[in-house]
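The listed protein sequences correspond, in order, to chains A and B.
Counted the way our numbering counts, the first sequence spans residues 1 to 331.
Counted the way our numbering counts, the second sequence spans residues 1001 to 1064.
Mixed in with the good hints there might be a few duds.
[Claimed, not checked] Pair by pair, the computed Cβ-Cβ distance ranges are:
(1) B/R1019 <-> A/R32: 41 to 51 Å
(2) A/Q28 <-> B/A1051: 31 to 41 Å
(3) B/T1013 <-> A/G307: 50 to 60 Å
(4) A/E176 <-> B/A1051: 51 to 61 Å
(5) A/G307 <-> B/G1016: 53 to 63 Å
(6) B/H1021 <-> A/S276: 50 to 60 Å
(7) A/Q28 <-> B/G1016: 31 to 41 Å
(8) A/R101 <-> B/E1041: 20 to 30 Å
(9) A/M315 <-> B/L1029: 22 to 32 Å
(10) B/R1017 <-> A/G71: 39 to 49 Å
(11) B/N1039 <-> A/R101: 21 to 31 Å
(12) B/N1039 <-> A/E95: 25 to 35 Å
Treat the hints as calculated values from the structure; they're not laboratory data.
Built from N, CA and C at the ideal position, the CB exists for glycine as well.
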Amino acid sequence: MKCRTCRNPAIIDLPRHNANFCAEHLLQLCRRQVEKAIHDHQMFEPTDHLLVAVSGGKDSLAVWDILRELGYRTTGLYIALGIGEYSHESQTFAEDFAARRGLPLVIESLRDDHGFDVPTAARATGRVPCSACGMSKRHIFDRVARDGGYDAVVTGHNLDDEAAVLFGNALRWDVEYLARQLPLLPARGGFPRKAKPLVRLTERETAAWCIVRGIDYIVDECPMAAGNKHLAYKQALNLIEEESPGAKATYYLGFLERMAPLLSGSSAQRADELASCVRCGSPTGAEVATDGSTVCAFCRLSEKARGHEPVPVEMLMSKSARRAAAKEARG
Amino acid sequence: MRVLLRNPRREITIDGRRRVHALLNELGLSREAHLVIRNGELVPGDGELNADDEIEIRPVISGG
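If we strip away everything but chain A, and leave its shape as in the complex, we get (with noise of 0.2 Å):
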C-alpha cells in the first residue's frame, strides 16, 4: 500500500477516502478535515480563548492537539467524575497531555466540589450513569466558559459520535434534538457557544492520530457505558459503513447540508424564554414552580445526589452488565 499522496509506504487504509496514506499525509488530511469544519461552521474567531473539554480520551486529546497546533489559544477542563480507577487514570492522561505541552488545564471534581459522583448520582435518581453524567458535565462546562470568560466550549465528538447520535434521534423522530444536532451551537441566553471541531473525523482518524503524534489516552471503555445505545447505534452504523464505505459520512454530513436548514425552526427554546436557576443562577428552560422559582436540573440532581451515602462504582457496573447479557439473551 502506498501513500496517495507521495506514494510512500502507506500506515493506514481509509475506504471512505479509497485511499491509503503515510503518517505525514494523515496528519495533513486530519488537519484539513478540521480546518474545514471551523471554516464552513464559522466556529472560531483567531482571537478566541477556547475551553477545550478534555477526558483523557482519544477525541479530546486530539482536538486540543490539532486546535493548539492550528494556533489557537486554548485551556482544558477536566472534569473528575468519580467512576473509580478509570477516572483516577483518565485524570492522569489528560494531566500529562497538558504538562508535556505546557498548556493550563482547570480541573473541577464532582466529589470535591459538589458533594456527589457519577455512580451516586445514577442511583440517587434513578437515571443512566451516562445521563446523569452528560447533565453534570454540560453543567459545568458552562459554568466554567461563563465564570472564566472563554469565547466557546470545544468538545471532541467525531463523525461517528454525531452519526450514532443521529441515527438514535432519526429511530425516536424526536424533532427537537435533531433541529439541535449542530457542529456549532451559539451562544444563548447565558449558554456559552459551543463548537465540536472534529465532525469531519471517523474516531479510527482521531485514534491515528493520537498515535502518529504519540499521545498517550484511556484505552480503557468507560465502565459505566457498557451495554449503553450509543455503542449499539456506532457497532451498527460501522456494519453498514463496512459494506458501503463513506456512509457514515454521507448520512451525517448529508444531515447538516440538507436535512437541517429544513429544521431550524423547530429548536429548543428561545433565548427570551430561558429563566435563571435560584440555586446556582445558571440560566434554565426548567419549567417554573408555583412559587415562581425555578430549579435547574443539574441542581434537582445534585441535591437528591448529596443526600445518597456513596454509592461504589462496582455496584453499577455490574448493574450495567447483567443489563448487557439480558440484552444479548434477547437477541
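With chain A held as given, fit chain B onto it using these hints.
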C-alpha cells in the same frame, strides 16, 4: 505472534503469518472499529504480520 486485545485487556497467541485484514476477520473484529499497532506504529490493512511479532489490536469506539 502475540496479540494484545483491549476492553477487556487480554493476550492471545496466533500461529504463523497474517495480513492485518485477515487477522481482524479471523478474530471477528470490525476493520472500521480497530487499528493494528506494531512497535508503536500503525500497520495498514494489507500489512504483513510476522509470526514473531508482538502487536496490539486497539479498539477505537468509545461510548461516551
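Each hint tested on the structure:
no., hint, in the structure
1, B/R1019 <-> A/R32: 41 to 51 Å, "violated, 29 Å"
2, A/Q28 <-> B/A1051: 31 to 41 Å, "holds, 35 Å"
3, B/T1013 <-> A/G307: 50 to 60 Å, "holds, 52 Å"
4, A/E176 <-> B/A1051: 51 to 61 Å, "holds, 56 Å"
5, A/G307 <-> B/G1016: 53 to 63 Å, "holds, 60 Å"
6, B/H1021 <-> A/S276: 50 to 60 Å, "holds, 56 Å"
7, A/Q28 <-> B/G1016: 31 to 41 Å, "holds, 36 Å"
8, A/R101 <-> B/E1041: 20 to 30 Å, "holds, 22 Å"
9, A/M315 <-> B/L1029: 22 to 32 Å, "holds, 31 Å"
10, B/R1017 <-> A/G71: 39 to 49 Å, "holds, 45 Å"
11, B/N1039 <-> A/R101: 21 to 31 Å, "holds, 24 Å"
12, B/N1039 <-> A/E95: 25 to 35 Å, "holds, 27 Å"
Going through the hint list in order, the structure does not satisfy hint 1, though it satisfies all others.
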